[in-house]
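Which chain is which? The protein sequence lines are A and B, in order. Going letter by letter, the first sequence gives residues 0 to 302 in numbering that gives the first Met the number 0. Going letter by letter, the second sequence gives residues 0 to 300 in numbering that gives the first Met the number 0.
Rather than coming from a laboratory, the hints here were simulated on the basis of the structure. Please note: incorrect hints may appear among the correct ones.
Derived DEER-like restraints, expressed as beta-carbon distance ranges [claimed, not checked]:
id	chain 1	residue 1	chain 2	residue 2	range
1	A	K233	B	P142	19 to 29 Å
2	B	N207	A	D69	10 to 20 Å
3	A	E226	B	N207	17 to 27 Å
4	A	H115	B	P127	51 to 61 Å
5	A	K233	B	T286	47 to 57 Å
6	B	D254	A	G257	25 to 35 Å
All C-beta atoms in this analysis are idealised placements derived from N, C-alpha and C, irrespective of residue type, glycine included.
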Amino acid sequence: MIKLHTGIPSALLVLLAVAAVPALAQQDFSGEWAPLYHEDGPERLPGPELADYTELPINDAARLRADSWDADRISVVEQYQCRPHGADYSMRGLGNLRVWRDIDPVNQRTVAIHTHLLAWDSERTIYMDGRAHPPDYAQHTWQGFSTGVWEGNMLSITTTHLKENYIRRNGVPRSDKATLTEHWTRHGDYLTVTTVIEDPVFLTEPLVRSDNWYLDPGQHIGIFGCEYAAELPKPEGEVPHHLPGTNPYLHEFADYYGLPYEATRGGAETLYPEYRSKLNGYHPPDHCERFCVCTTLFNCNLR
Amino acid sequence: MKTLLTIVAFATAACAQDPVDIQTLHVQGNVYMLVGGGGNVTVQIGNDGVLLVDTNFAQLAPKIMAAIRKLSSGPIRYVVLTHVHADHTGGTEALVKLGATPAAPAPALVVAHINVLNRMVTPLPGDPPVSQPLWPNDTYSTPFKDFYFNNEAVIVTNLPAAHTDGDSIVFFRKSDVLSVGDVFEPDLYPFIDLARGGSVQGLIDGLNHILDIAVPAKYQEGGTLVIPGHGRLCDEADVVEFRDMVTIIRDRVQDLIKQGKTLEQVKAAKPSRDYDTQYATEGAFVTADAFVESIYRSLKK
Numbered sequence: 000m001i002k003l004h005t006g007i008p009s010a011l012l013v014l015l016a017v018a019a020v021p022a023l024a025q026q027d028f029s030g031e032w033a034p035l036y037h038e039d040g041p042e043r044l045p046g047p048e049l050a051d052y053t054e055l056p057i058n059d060a061a062r063l064r065a066d067s068w069d070a071d072r073i074s075v076v077e078q079y080q081c082r083p084h085g086a087d088y089s090m091r092g093l094g095n096l097r098v099w100r101d102i103d104p105v106n107q108r109t110v111a112i113h114t115h116l117l118a119w120d121s122e123r124t125i126y127m128d129g130r131a132h133p134p135d136y137a138q139h140t141w142q143g144f145s146t147g148v149w150e151g152n153m154l155s156i157t158t159t160h161l162k163e164n165y166i167r168r169n170g171v172p173r174s175d176k177a178t179l180t181e182h183w184t185r186h187g188d189y190l191t192v193t194t195v196i197e198d199p200v201f202l203t204e205p206l207v208r209s210d211n212w213y214l215d216p217g218q219h220i221g222i223f224g225c226e227y228a229a230e231l232p233k234p235e236g237e238v239p240h241h242l243p244g245t246n247p248y249l250h251e252f253a254d255y256y257g258l259p260y261e262a263t264r265g266g267a268e269t270l271y272p273e274y275r276s277k278l279n280g281y282h283p284p285d286h287c288e289r290f291c292v293c294t295t296l297f298n299c300n301l302r
Numbered sequence: 000m001k002t003l004l005t006i007v008a009f010a011t012a013a014c015a016q017d018p019v020d021i022q023t024l025h026v027q028g029n030v031y032m033l034v035g036g037g038g039n040v041t042v043q044i045g046n047d048g049v050l051l052v053d054t055n056f057a058q059l060a061p062k063i064m065a066a067i068r069k070l071s072s073g074p075i076r077y078v079v080l081t082h083v084h085a086d087h088t089g090g091t092e093a094l095v096k097l098g099a100t101p102a103a104p105a106p107a108l109v110v111a112h113i114n115v116l117n118r119m120v121t122p123l124p125g126d127p128p129v130s131q132p133l134w135p136n137d138t139y140s141t142p143f144k145d146f147y148f149n150n151e152a153v154i155v156t157n158l159p160a161a162h163t164d165g166d167s168i169v170f171f172r173k174s175d176v177l178s179v180g181d182v183f184e185p186d187l188y189p190f191i192d193l194a195r196g197g198s199v200q201g202l203i204d205g206l207n208h209i210l211d212i213a214v215p216a217k218y219q220e221g222g223t224l225v226i227p228g229h230g231r232l233c234d235e236a237d238v239v240e241f242r243d244m245v246t247i248i249r250d251r252v253q254d255l256i257k258q259g260k261t262l263e264q265v266k267a268a269k270p271s272r273d274y275d276t277q278y279a280t281e282g283a284f285v286t287a288d289a290f291v292e293s294i295y296r297s298l299k300k
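Go ahead and model the full structure; you've got the sequences and the hints to work with.
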């Protein structure tokens with residue numbers, strides 16, 4: 000047997016080298032990630048305008064549900080005060096992300112990936128061990144039940160068993176029948192998460208969005224904390240909402256931005272370039288006066 | 000308006016088309032949930048024996064008993080009936096018989112609100128008679144009844160004039176589980192059985208009472224778990240969504256009534272249209288029109 004100057008038998012060296020090759024070109028997403036808000040910044044930082052349904056392939060049911068939504072519900076109704084984002088929204092909201100993984104010590108494979116987000120301390124486990132999703136009659140949660148598979152060096156995650164929540168924080172609903180698919184890709188110190196929401200109750204076609212993160216090893220995620228409390232006197236069981244046709248704020252968003260009202264109402268048709276031909280030569284206003292240059296939460300141009 | 004016969008026919012047809020498997024889910028503490036066929040069956044087990052909430056259909060009793068026996072070899076000591084409908088009470092006689100053991104041959108106590116007994120003894124015209132072995136033998140007519148079983152308090156509370164006029168919810172205090180019958184079904188419009196004393200306001204009051212009892216764990220999730228009459232295991236947040244839906248549609252119908260609209264005009268306005276894709280899916284027992292009509296008639300009473 001030939002011996003190298005390391006003193007390790009060459010056959011063993013070859014074995015070690017082979018064993019160190021990443022299985023199926025998997026990426027490691029572990030670490031502290033800080034969010035980038037250059038995509039959909041106004042919606043994600045100051046929060047969406049009332050009745051802004053642009054870019055959402057919603058059906059009539061979702062539109063009326065959002066038209067009826069009254070923001071008082073999240074202050075008047077105690078059960079809404081500490082509600083977290085769902086898994087499909089939490090990566091878009093405020094908060095920093097930590098990712099870590101569980102390794103099977105026997106075969107060194109990743110059996111689960113965990114995420115923690117600042118907002119509501121939301122934590123999720125993405126099972127990588129091939130387990131099945133729970134039956135239909137099992138409990139639903141805000142973060143749902145997630146399983147992941149590798150597609151090359153991309154991590155694809157399927158999440159079911161979500162609780163009903165919103166796809167935009169202005170009352171546009173997402174049902175508990177929805178399925179969330181995510182595709183995680185890493186480019187050096189950057190992470191791109193592409194999400195696809197399919198919802199037979201409120202969407203007429205899949206809603207595709209993406210968000211980006213950068214690796215920030217010095218990041219420290221604080222605690223969140225929330226306690227619900229009766230803040231306002233109210234009758235027992237009151238649920239604030241607008242009766243159909245009575246919401247006075249539906250035109251506000253279109254007026255702020257000089258948009259045709261119909262274009263703000265959402266729907267699959269409005270997602271595609273061909274829709275421009277229906278806008279009858281619409282030109283945006285010369286000056287943007289609201290939420291025009293949001294790069295952080297603190298520099299948005301509020302009117 | 001639907002009758003008891005309709006309920007039986009609807010669910011029997013469902014059972015006949017698809018051989019029913021009874022699935023078991025551990026809820027938490029001493030409590031399990033059996034799913035399949037008619038209404039969900041709640042099972043509480045321990046050293047004292049077995050307590051059931053609701054009994055599904057009679058023809059499923061052997062399968063339900065087989066599922067119970069995988070959890071406990073103890074005798075069935077208590078059966079609590081949440082309301083009168085056959086998809087929740089039909090298996091009572093068979094399960095009481097099957098659940099007796101040589102060491103505990105006495106029949107179980109069958110607990111229900113007094114109006115469940117009244118409705119069984121005197122069925123509505125056109126409804127089939129209910130045989131005496133299906134009747135509750137331990138009724139209550141007070142706001143609630145409680146007892147201690149399997150090392151925990153069991154609190155049975157009447158929700159007046161809600162789904163029917165004899166609704167009970169059952170709270171397992173140590174396990175922190177509520178079994179609530181058909182007052183709450185997360186994927187379906189509720190059946191407000193006006194002919195048997197149900198009302199939309201009673202239903203809303205009942206849902207708010209459930210919310211008063213349920214306490215969520217961190218960030219509005221988990222904590223007290225809620226077993227609905229039909230459908231998946233839930234918690235407070237799921238009941239909130241359902242309560243909101245019933246309240247909002249009630250408010251819309253009330254507003255249309257104030258405008259002087261007739262029943263046909265109210266239906267034509269489709270006040271539930273933003274909830275129909277969620278709660279009135281194909282094959283649902285209560286259609287959107289039927290739900291709106293039940294609210295209208297309840298408010299006009």
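Going down the list of hints, with the structure as the test:
Between K233/A and P142/B the C-beta distance comes to about 24 Å, which sits within the given range of 19 to 29 Å. The hinted range of 10 to 20 Å is satisfied by N207/B and D69/A, whose Cβ atoms lie roughly 19 Å apart. As the Cβ distance of E226/A to N207/B is approximately 21 Å, the hint placing it in 17 to 27 Å holds. Judged by the Cβ atoms, the range 51 to 61 Å given for H115/A and P127/B holds: they are separated by roughly 57 Å.
Roughly 33 Å separates the CB atoms of K233/A and T286/B, a value that falls outside the hinted 47 to 57 Å. Between D254/B and G257/A the beta carbons are some 34 Å apart, a value that agrees with the proposed interval 25 to 35 Å.
When each numbered hint is compared with the structure, a violation occurs for hint 5 only.
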